[in-house]
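S.K.: Chains as they are written, first to last, in our numbering: chain L, 1 to 187; chain R, 1001 to 1262.
Rather than coming from a laboratory, the hints here were simulated on the basis of the structure.
Remember, it's a predicted structure, so these values are computed and weren't measured experimentally.
It cannot be assumed that every hint is accurate.
Unchecked claim - No farther apart than 30 Å at their CA atoms in a straight line, the calculated lysine-lysine pairs in the DSS-like style are these: (1) LYS133(L) - LYS1048(R); (2) LYS133(L) - LYS1051(R); (3) LYS1002(R) - LYS1045(R); (4) LYS1002(R) - LYS186(L); (5) LYS1027(R) - LYS1045(R); (6) LYS186(L) - LYS38(L).
What the hints assert, rightly or not - What follows is a list of derived Cβ distance ranges for each label pair: (7) GLU183(L) - VAL1064(R): 42 to 52 Å; (8) LEU1083(R) - ARG172(L): 50 to 60 Å; (9) CYS79(L) - LEU1080(R): 14 to 24 Å; (10) HIS1034(R) - ASP29(L): 28 to 38 Å; (11) CYS79(L) - PRO1066(R): 22 to 32 Å.
To be verified - Residues of chain L clear of chain R, computed beta-carbon distances all greater than 10 Å: (12) ARG23; (13) SER54; (14) GLU183.
Ideal Cβ positions, reconstructed from N, Cα and C, are used throughout, including at glycine.
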Amino acid sequence: MVSALVHTGAQQTYDEDVVYVERASKGDDTAFEHLYAKYFDRIVAVARGVLLRSDEAADVAQEVFTLAYRHLPRFDRRCRFSTWLFRIAVNRSIQEARKGKNRWRFVELNEALAKSAAEDQRVDPRIYRALVKMRPADRAILTLSYWENFTLQQIADNLNCSPNAAKTRLYRARERFREIYEELQKR
Amino acid sequence: MKIAREVDSLMWSIAETGDFHAIENFKRQFPDLHAELSHRVLLIKDLKKAKSLQFADVPRPPFVPPSKAGGPVTWPMAGLVILVVSITTVAFVTHAKNGEPMRYGDYKPTTTNFQYQNRPRPHSVNVDQPAHRVPTALMVVSPNIPPNATLGDPASGSTPGVNAAPSDANAAMGQVSQPKMERLHVTMMQAPLSSVIGSISSTYKIDVKTAPGFPNPTVDVDEQDTDAKSLLDRLGQRYGFGVIVEGVDSYLLVPTNASKDK
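All chains should be modelled from the sequences, with the hints used to inform the complete structure.
M.R.: See the structure below:
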């Protein structure tokens, strides 16, 4: 039944995750495992875009799914499960990045990223250096837009704001990134 | 170079799509912004490509449902905690109230021989003030010295110049429940009256207050085997003040007009 709806083009409005969410809400852990397997990599990618650290991103991803599991009964069915999940991920990642405990690592990160980027000749290491210098919230919106290819509406849903506000935030984040990037290019 | 907001927005849109035809059209329409657009295209391209830079791979661990015990506090659990805290608080308060020793202010004297309404506001004698200190050489206080004994007599068990300590019985009974009837031998020569009263207060461990206008002549005291009340009464008769018992071991000295020995 679910697959039929999806294959008939109803996927624009129908969220197939709803079925798994319902089952998981009733205590079916295998249903939640399905959601976990489906979204884990993307949640890690979002967290990594904000934190710029794979290990911390993995920790945040675990926290995100734990939070989602515990608060599943409170999930508002009017929005998509994925939207809710990404919103948790963005918020948790930004919180984690703001804690300041990562600051001392950024120096080390700069060097590591530069070395890593040097190995990969396709990418300018200054991109990462510029990202490191940005605020976590700005990194989050750039990650959602350029790495995860979210639309403005999806970004707005994740940041809990209107599409126009999301557009403005994206514009400002991009300008800040450009300023830092060009500053680094001058050196 | 100042770029109009609409053109600026259009350039970012084109840079984000990276559409070749759109770029060519834009270059034809705005040839002077050619370099700027190319710069933005490269910037966005680099930014998007940055995702492909190798981070350490994050393996997906199997999902372990968090234990229910570690979950959020449930209402029955919260109720139990509140109940325990309430019982503990009530027990503590009850115990503290019952076990608290009686404070001085809580005691209501049963014997008061003077009604002192509208009396002047008393003030305490501060014996620590230098002006009230008595020269040590002039002050001798000895407890329960036999009438024939001399100062410093080993037989009397007293030491000149050392104030008497309250008896163990008094300490055990507490200083509030019963008035002190300790009898001492007090000798002070050429000392101000206020100092004498301060010394009596500290020696007998009593609370003595004086009313405003209290006289302060230089006095000689030599009283043997006497208690605090009697000593104050005698001094009052000689130096013109009355003794009012305010409570147990608490006296108020009020000046009178008549003075027999001034």
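S.K.: So, for every hint listed, does it hold in this structure?
M.R.: Consistency of the hints with the structure:
no. : hint                               : result
1   : LYS133(L) - LYS1048(R)             : 17 Å, holds
2   : LYS133(L) - LYS1051(R)             : 17 Å, holds
3   : LYS1002(R) - LYS1045(R)            : 24 Å, holds
4   : LYS1002(R) - LYS186(L)             : 21 Å, holds
5   : LYS1027(R) - LYS1045(R)            : 18 Å, holds
6   : LYS186(L) - LYS38(L)               : 43 Å, violated
7   : GLU183(L) - VAL1064(R): 42 to 52 Å : 45 Å, holds
8   : LEU1083(R) - ARG172(L): 50 to 60 Å : 53 Å, holds
9   : CYS79(L) - LEU1080(R): 14 to 24 Å  : 36 Å, violated
10  : HIS1034(R) - ASP29(L): 28 to 38 Å  : 58 Å, violated
11  : CYS79(L) - PRO1066(R): 22 to 32 Å  : 23 Å, holds
12  : ARG23                              : 14 Å, holds
13  : SER54                              : 4 Å, violated
14  : GLU183                             : 13 Å, holds
Violation of the numbered hints given earlier is confined to hints 6, 9, 10 and 13; the remaining hints are satisfied by the structure.
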